[in-house]
Amino acid sequence: MIDKEVLDNLLEIGLGKNEAEVYLGLLELGESKAGQLSEHTKVPTAHIYPVLTALNSKGLVSYKYANNIKIYYSNPPETLKTLYIEKQRNLEEQKKRLLTSIEMIKQLPKAKETFADYKYFEGVSGIIAMWQE
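Letter by letter, the sequence shown follows residues 1 to 133 of my numbering.
Accuracy of the hints is not assured; some may be wrong.
Below, in silico cross-link-like pairs of lysine to aspartate or glutamate (EDC-like), each with a Cα-Cα straight-line distance of 16 Å or less [as the list claims (entries may be wrong)]:
1) Lys-58 <-> Glu-12
2) Lys-58 <-> Glu-21
3) Lys-64 <-> Glu-12
Hints listed in this document are in silico derivations from the structure and should not be mistaken for laboratory results.
Input sequences plus hints: build the corresponding full structure.
Right, here's the structure in full:
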């Protein structure tokens, strides 16, 4: 049985709970039919097929046919790196969009009248904002 830390790491890189459990279950079982995998992982049969489809689209699970039955198997664990790389790329794109938005917000016209010369800062975020000013 794989420990909770591994499961948490899979959740952090973008897998859902069921996806992580099914992927780890396939690693433990090797090749498996969907029903066997459902029993092993305790993921309901109604959910197992969408989970397997999602894992397949992420490149973590493949399948083959044996006697017209789909047999699923996990791809090597190194394929998890691609999920991390994609998440990292998405974060970089978010950062670029955020920096662009910040520049656009800075160009908005500012109100000329102020109510008071005092500013109040609260908490760590307030202290950071104060120093940035």
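Structure-based check of each hint:
no. : hint              : in the structure
1   : Lys-58 <-> Glu-12 : 15 Å, holds
2   : Lys-58 <-> Glu-21 : 15 Å, holds
3   : Lys-64 <-> Glu-12 : 29 Å, violated
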